Amino acid sequence: AAGVIQSPRHLIKEKRETATLKCYPIPRHDTVYWYQQGPGQDPQFLISFYEKMQSDKGSIPDRFSAQQFSDYHSELNMSSLELGDSALYFCASSLGLAGGRETQYFGPGTRLLVL
Amino acid sequence: KQEVTQIPAALSVPEGENLVLNCSFTDSAIYNLQWFRQDPGKGLTSLLLIQSSQREQTSGRLNASLDKSSGRSTLYIAASQPGDSATYLCAVLYNTDKLIFGTGTRLQVFP
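Top line first, the protein sequences correspond to chains A and B.
With the first letter of the first sequence counted as 1, position 90 gets the number 90 in our numbering; the numbers rise by one all the way through.
With the first letter of the second sequence counted as 1, position 32 gets the number 147 in our numbering; the numbers rise by one all the way through.
It is worth saying that the hints were derived from the structure and are not from the lab.
Take these hints with a grain of salt, some might be off.
Subject to a maximum C-alpha distance of 25 Å in a straight line, what follows is the list of computed BS3-like cross-link-like pairs (lysine-lysine) [to be verified]: (1) B:Lys-183 with A:Lys-13; (2) B:Lys-116 with B:Lys-183; (3) A:Lys-57 with B:Lys-116; (4) A:Lys-22 with B:Lys-157; (5) A:Lys-57 with A:Lys-22; (6) A:Lys-22 with A:Lys-52.
It should be emphasised that the depicted structure is a prediction, and the values quoted were computed from it without experimental measurement.
Generate coordinates for the entire structure from the input sequences, incorporating the hints supplied.
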């Protein structure tokens with residue numbers, strides 16, 4: 001079965017650079033979520049989109065922005081990167097918000113290292 | 116504040132043992148609870164999801180129970196195998212989009 005696809009899988013950037021992470025949800029899933037997992041920490045929710053509209057927002061820095069496109073894929077844009085942004089970034093997808101909270105299926109993550 | 120805690124933080128057992136991993140949450144008004152497995156440096160694999168109206172879910176050697184009133188969930192692993200070695204995370208969903216993750220239990224099953 002198709003899973004959530006994230007690209008790139010690994011990314012190395014320098015401080016103050018920008019990065020763009022991409023997420024392709026499971027086919028027919030219309031909701032995507034972004035999480036950040038720092039070294040030795042549990043994942044923290046950043047932001048989510050349903051039907052191309054932002055539906056919830058967590059501890060996402062102002063330097064980060066995200067959007068969901070018409071084909072439901074999503075991109076997380078990170079600017080003015082800091083050392084503390086080094087983490088594993090997960091995307092998850094689910095089917096629909098209306099009527100219930102469905103299982104979130106996670107992608108393999110993008111490992112970002114900021115030097 | 117909505118918090119999720121897991122006990123123990125780490126567990127090392129010989130192959131074949133039956134295990135119980137614990138998860139507690141401070142706010143009992145949950146929507147659902149998920150158990151995940153994470154291998155080192157890898158993604159999150161969903162193991163079981165329990166809706167707030169359910170008491171337990173089973174998948175193979177895994178059984179998860181939910182007691183909303185006491186704010187607890189347990190993950191029971193029967194006849195553990197070395198391949199079960201991983202970090203197990205429970206995550207709670209309230210009436211928002213964000214999953215609130217626990218601190219995880221790092222499990223090692225040795226032959």
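Verification of the supplied hints:
no., hint, in the structure
1, B:Lys-183 with A:Lys-13, "violated (44 Å)"
2, B:Lys-116 with B:Lys-183, "holds (17 Å)"
3, A:Lys-57 with B:Lys-116, "holds (17 Å)"
4, A:Lys-22 with B:Lys-157, "holds (17 Å)"
5, A:Lys-57 with A:Lys-22, "holds (18 Å)"
6, A:Lys-22 with A:Lys-52, "holds (15 Å)"
Of the numbered hints stated above, the single one contradicted by the structure is hint 1.
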